[in-house]
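S.K.: Below, each chain spelled out in residue letters.
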Amino acid sequence: MRTTGRRGRGLLLVALLGALLGFACGPDDGDPIVVSAASSLTDVFTELAEAFEAEHESTVALNFGASSALAVQLAEGAPAHVFASANVQQMAVVVGADLAEDPAVFAQNEIVVVTPADRGLIEGFEDLSSDGVRLVLAGPDVPIGAYAREAIAAANEALGGEFEERVLANVVSEEANVRAVLTKVELGEADAGIVYATDAAVAGDAVEAYRVPSEFAPPAEYVIAPLADAPDAAQAFVEFVLSEEGQAILERHGFTPAGG
Amino acid sequence: MELRSARADVIALSVVVVLGALFALYFVLPLAGLGARAASDGEVWELASSEAVRSALVLSLWTSTLSTVLAIVLGTPVAYWLARTNVRGRTALDALVDLPIVLPPTVAGVALLTAFGGQGLIGGPLAEATGIRLTFTAAAVVMAQFLVAAPFYVRAARSGFAAVDQQFERVAYTLGASRVETFLRITVPQARGALLAGVVLCWARALGELGATLIFAGSLEGRTRTMPLAIIDAFERTSLGLSGAVSMSLILLVVAFVVLVVFRLATPGTSSR
Amino acid sequence: MSSLRYDARMRLGPFEYDATFEADGEVVVLFGHSGAGKSLTLQATAGLLTPREGHIEIAGRTVFDSASGMNLPPQDRNTGYVVQELALFPHMTVLENVGFGVRGTRADRERQARLLLERLGLEGYEDRAPGSLSGGQRQRVALARALAREVPLLLLDEPFSALDESLRRTLRAELLRLRADLGLTVVFVTHDLREAHLLADRLAVFDRGRILQFDRREEVFRHPVSRRVAELTGVSNVMAASVLARLEGAIEVDVDGLVLRVADPAWHPAVGERVELALRAERINLRRGTPAGLGEPNLVEAEVVEEHAYGAGHTLRFRPLGAGPHLEVDLPSRPYEVLGVQERRRWTLELPSEDLHVMRPSEGSTSTGG
Numbered sequence: 005m006r007t008t009g010r011r012g013r014g015l016l017l018v019a020l021l022g023a024l025l026g027f028a029c030g031p032d033d034g035d036p037i038v039v040s041a042a043s044s045l046t047d048v049f050t051e052l053a054e055a056f057e058a059e060h061e062s063t064v065a066l067n068f069g070a071s072s073a074l075a076v077q078l079a080e081g082a083p084a085h086v087f088a089s090a091n092v093q094q095m096a097v098v099v100g101a102d103l104a105e106d107p108a109v110f111a112q113n114e115i116v117v118v119t120p121a122d123r124g125l126i127e128g129f130e131d132l133s134s135d136g137v138r139l140v141l142a143g144p145d146v147p148i149g150a151y152a153r154e155a156i157a158a159a160n161e162a163l164g165g166e167f168e169e170r171v172l173a174n175v176v177s178e179e180a181n182v183r184a185v186l187t188k189v190e191l192g193e194a195d196a197g198i199v200y201a202t203d204a205a206v207a208g209d210a211v212e213a214y215r216v217p218s219e220f221a222p223p224a225e226y227v228i229a230p231l232a233d234a235p236d237a238a239q240a241f242v243e244f245v246l247s248e249e250g251q252a253i254l255e256r257h258g259f260t261p262a263g264g
Numbered sequence: 032m033e034l035r036s037a038r039a040d041v042i043a044l045s046v047v048v049v050l051g052a053l054f055a056l057y058f059v060l061p062l063a064g065l066g067a068r069a070a071s072d073g074e075v076w077e078l079a080s081s082e083a084v085r086s087a088l089v090l091s092l093w094t095s096t097l098s099t100v101l102a103i104v105l106g107t108p109v110a111y112w113l114a115r116t117n118v119r120g121r122t123a124l125d126a127l128v129d130l131p132i133v134l135p136p137t138v139a140g141v142a143l144l145t146a147f148g149g150q151g152l153i154g155g156p157l158a159e160a161t162g163i164r165l166t167f168t169a170a171a172v173v174m175a176q177f178l179v180a181a182p183f184y185v186r187a188a189r190s191g192f193a194a195v196d197q198q199f200e201r202v203a204y205t206l207g208a209s210r211v212e213t214f215l216r217i218t219v220p221q222a223r224g225a226l227l228a229g230v231v232l233c234w235a236r237a238l239g240e241l242g243a244t245l246i247f248a249g250s251l252e253g254r255t256r257t258m259p260l261a262i263i264d265a266f267e268r269t270s271l272g273l274s275g276a277v278s279m280s281l282i283l284l285v286v287a288f289v290v291l292v293v294f295r296l297a298t299p300g301t302s303s304r
Numbered sequence: 017m018s019s020l021r022y023d024a025r026m027r028l029g030p031f032e033y034d035a036t037f038e039a040d041g042e043v044v045v046l047f048g049h050s051g052a053g054k055s056l057t058l059q060a061t062a063g064l065l066t067p068r069e070g071h072i073e074i075a076g077r078t079v080f081d082s083a084s085g086m087n088l089p090p091q092d093r094n095t096g097y098v099v100q101e102l103a104l105f106p107h108m109t110v111l112e113n114v115g116f117g118v119r120g121t122r123a124d125r126e127r128q129a130r131l132l133l134e135r136l137g138l139e140g141y142e143d144r145a146p147g148s149l150s151g152g153q154r155q156r157v158a159l160a161r162a163l164a165r166e167v168p169l170l171l172l173d174e175p176f177s178a179l180d181e182s183l184r185r186t187l188r189a190e191l192l193r194l195r196a197d198l199g200l201t202v203v204f205v206t207h208d209l210r211e212a213h214l215l216a217d218r219l220a221v222f223d224r225g226r227i228l229q230f231d232r233r234e235e236v237f238r239h240p241v242s243r244r245v246a247e248l249t250g251v252s253n254v255m256a257a258s259v260l261a262r263l264e265g266a267i268e269v270d271v272d273g274l275v276l277r278v279a280d281p282a283w284h285p286a287v288g289e290r291v292e293l294a295l296r297a298e299r300i301n302l303r304r305g306t307p308a309g310l311g312e313p314n315l316v317e318a319e320v321v322e323e324h325a326y327g328a329g330h331t332l333r334f335r336p337l338g339a340g341p342h343l344e345v346d347l348p349s350r351p352y353e354v355l356g357v358q359e360r361r362r363w364t365l366e367l368p369s370e371d372l373h374v375m376r377p378s379e380g381s382t383s384t385g386g
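Protein sequences appear in the order of chains A, B and C. Be aware that the first sequence starts at 5, since it is given in the numbering used here, and climbs by one per residue. Be aware that the second sequence starts at 32, since it is given in the numbering used here, and climbs by one per residue. Be aware that the third sequence starts at 17, since it is given in the numbering used here, and climbs by one per residue.
No wet-lab data here; the hints were simulated from the structure. Heads up, the beta-carbon is just placed ideally off N, CA and C, and yes, glycines get one too. Do not rely on the hints blindly, as some may be mistaken.
Pairwise CB distance ranges, derived in the manner of DEER restraints [said to hold, decoys possible]:
id : chain 1 : residue 1 : chain 2 : residue 2 : range
1  : A       : V109      : B       : D125      : 53 to 63 Å
2  : C       : L198      : B       : V118      : 41 to 51 Å
3  : B       : R295      : A       : A157      : 47 to 57 Å
4  : C       : R119      : B       : A55       : 52 to 62 Å
5  : B       : V293      : C       : G41       : 51 to 61 Å
6  : B       : L53       : A       : A157      : 49 to 59 Å
7  : A       : L15       : B       : A63       : 39 to 49 Å
Examples of chain C residues toward chain B, derived with CB under 8 Å [claimed, not checked]:
id : residue
8  : T95
9  : F105
10 : F116
11 : R165
Use the sequences and the hints to build the structure in full.
M.R.: Structure, rendered in structure tokens:
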């Protein structure tokens with residue numbers, strides 16, 4: 005009597021484990037293409053991937069994060085097939101490691117200052133140097149963080165020479181990626197943050213957005229490339245992003261198409 | 032195979048030895064990996080003396096120490112009360128104290144935001160009334176560390192106190208010792224081992240705290256970027272990358288090890304009772 | 017003035033505890049089975065427990081009074097309390113343990129502690145750890161610690177139960193000496209009958225939360241107030257009887273057909289009334305000859321049906337040849353040998369009337385001796 009009980013329990017355990025493994029493995033329709041893309045591309049690339057899958061045999065697995073963090077991952081051997089970076093510098097790191105070649109610019113973006121909806125403390129880029137402003141930026145290697153710092157430096161001359169120093173003194177936190185910056189502003193923890201215009205659109209009414217004057221901040225350039233030893237489907241995906249259909253999707257999400 | 036035979040014992044022993052070796056190996060290998068990388072990568076040592084690392088280390092050490100001190104001061108009476116009381120809600124209270132241990136650190140961070148953030152339950156009124164905002168401050172770091180680490184101390188202290196036979200306390204009362212005197216002169220010395228173990232656990236957990244700190248306190252060099260945050264930051268910067276992360280990891284390990292050893296040496300007589 | 021006046025009521029598990037007694041410059045022993053309420057009494061006296069209702073005075077000072085809400089904490093009751101486990105503080109030396117309760121400077125504590133240790137024969141043990149001492153030494157340290165505060169009242173909860181006989185003897189003697197020297201009042205809890213008899217000036221017999229009898233030692237042993245007390249105090253022969261006749265200062269009773277003459281108890285039972293007799297096993301005499309031949313009262317012929325040899329003596333179980341109860345007799349080894357009880361199994365038992373104690377019957381009592 006006891007042995008049957010023990011055996012029965014053993015079988016149940018094996019069955020459970022099998023089911024779990026089955027879940028983990030998922031449907032077996034060939035290996036998916038792994039796309040590592042900047043955090044600001046979260047919504048648009050999700051739609052791009054769905055559209056791509058609808059027209060092609062392959063599946064797309066998306067991996068979002070700060071472009072700098074992704075570049076480090078790739079340099080340390082993370083398995084991915086496509087890299088989409090929010091600036092050319094982080095793509096250069098990957099190219100420099102002989103992991104990709106011939107990157108193509110596929111979209112542009114504007115950077116904006118966002119503030120919590122009813123805060124009223126900031127009404128424009130210049131107000132960032134005001135006393136007591138709690139400013140959140142992404143880290144200096146994260147593309148949006150780099151763009152923000154470049155804009156602040158560029159504006160220094162025009163705004164009195166102390167602008168840069170004051171603004172940087174107002175920084176209370178360096179976040180890991182653009183979405184983290186956005187969240188802190190949405191929650192009202194930060195008085196201001198610098199993100200992409202497309203991210204501000206995602207947050208909708210929770211934030212107010214103010215453009216950074218273009219003389220200080222040229223548009224951000226997004227580049228994409230298939231990675232070395234990637235399957236053909238990876239190249240197909242890159243081409244899809246650059247195609248008319250892909251560009252239309254990007255435009256709908258607020259990105260400026262590559263052509264300008 | 033007969034379970035009772037001597038052969039079964041031999042097989043069992045071999046299995047235990049093999050599994051034990053694998054287990055130990057699994058813990059040693061990551062350390063060996065760090066060491067190997069440090070040995071082969073020249074950058075690691077340069078980065079070790081940078082300002083970023085120094086400020087992160089100092090911040091880590093004083094915040095984790097402060098969190099631990101707070102845990103001891105605030106947690107000891109609570110632990111003693113939990114160990115001695117028979118109040119009906121005791122089990123629920125025990126669970127409440129243990130809760131932060133099972134909470135994922137990021138959840139703890141979010142919870143802290145909802146309570147003490149600018150729009151939080153306490154944080155909102157506090158900011159309005161006094162203008163004090165807790166997020167993005169070193170105080171926030173201590174608060175995050177305290178939330179996740181203090182329960183380890185309270186748990187250890189509670190079980191240490193519970194293990195002290197109340198007869199000793201009762202006899203002390205009849206000998207004229209007040210409850211406070213009895214607690215300090217009789218209960219605490221006998222719970223010593225457990226209390227010290229709890230302190231070590233708490234401090235270690237505070238030192239390694241990452242998720243809650245990131246969400247509640249943010250990350251800024253010199254103010255809120257503790258060593259674990261600095262390591263993550265280094266890891267995600269192409270300018271520092273893995274070398275930076277390895278460098279800081281080693282430093283943190285060495286410092287933690289030294290502190291633990293010094294602590295153990297400075298508190299004699301804490302072998303198992 | 018060294019005294020304890022105690023009166024308390026409270027719940028004790030399934031029982032209702034209700035006890036009243038006092039002690040004054042003497043040793044009062046609380047005796048009874050485990051769970052009867054003896055330890056509870058000490059705890060209530062020491063202040064570790066609060067009775068539901070009652071009044072406790074120590075050395076003339078009220079420490080507990082439910083009516084007025086007075087309830088001094090144990091720190092203020094000035095009692096010396098020694099628990100069964102002793103509870104010597106393991107992380108302190110002997111000297112520190114003994115000096116723990118003493119007020120004053122460190123020097124005062126040490127001086128007083130040394131004094132007590134000397135008194136209890138423990139000089140030289142000051143720096144030892146409690147764990148390194150023998151059982152008897154630990155006992156003495158516990159006693160020293162309790163006495164170091166010069167308290168008027170000493171409460172001891174089965175302090176010697178874990179020790180072997182020779183050590184107990186020594187410590188009991190020391191305790192009595194200390195009591196005399198220091199003029200202490202001692203309340204001593206034990207479930208050991210011999211120890212109770214040895215130490216007690218007065219004895220309180222506990223049973224299920226109540227004191228069945230509280231009196232001088234001799235009284236309790238010779239004149240138990242009920243069957244239960246008799247049983248608890250080791251009376252082997254408790255017999256149901258009915259009154260046959262009333263005589264001058266005596267009565268005749270019928271015990272299972274055997275007629276016995278006993279002293280007339282204070283309540284003068286009437287003819288036909290039921291009573292109970294208590295007779296200690298060691299008070300029965302073995303006589304040769306027959307009851308008829310001897311012509312004395314309270315004789316019965318009987319034979320041995322069971323025997324237990326305890327080394328120092330024998331316990332014999334007798335069955336009467338005619339009418340009468342079964343009887344248990346304790347006989348020390350020498351008389352046993354001299355009388356030749358080994359070979360001769362039939363005897364005439366003498367039940368001395370002064371040793372036959374008459375008690376009121378308990379509820380639901382049945383014939384015994386068996």
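S.K.: Compare the structure with each hint and give your call.
M.R.: Results for each hint:
1. Remark: the range hint 53 to 63 Å for A:V109 to B:D125 is upheld by a beta-carbon distance near 60 Å.
2. A C-beta distance of roughly 42 Å is found between C:L198 and B:V118, which places it inside the suggested range of 41 to 51 Å.
3. B:R295 and A:A157 have their C-beta atoms about 50 Å apart, which keeps the hinted 47 to 57 Å range intact.
4. One distance hint, 52 to 62 Å for the beta-carbon pair C:R119 and B:A55, holds here, with the actual separation near 56 Å.
5. Between B:V293 and C:G41 the CB atoms are about 59 Å apart, so this pair conforms to the stated range of 51 to 61 Å.
6. Between B:L53 and A:A157 the beta carbon distance is about 54 Å. The supplied range of 49 to 59 Å therefore holds.
7. Look at A:L15 against B:A63: about 40 Å separates their beta carbons, and that is inside 39 to 49 Å.
8. A hinted interface residue such as C:T95 counts as satisfied when its beta carbon comes closer than 8 Å to some beta carbon of chain B; here the least separation is about 6 Å, so the hint holds.
9. Because the beta carbon of C:F105 sits about 6 Å from the nearest beta carbon in chain B, less than 8 Å, this interface hint is met.
10. A distance limit of 8 Å between C-beta atoms decides the matter here; for C:F116 the minimum to chain B is near 5 Å, and the interface restraint holds.
11. Taken as an interface hint, C:R165 checks out: its beta carbon lies about 7 Å from the nearest beta carbon of chain B, inside 8 Å.
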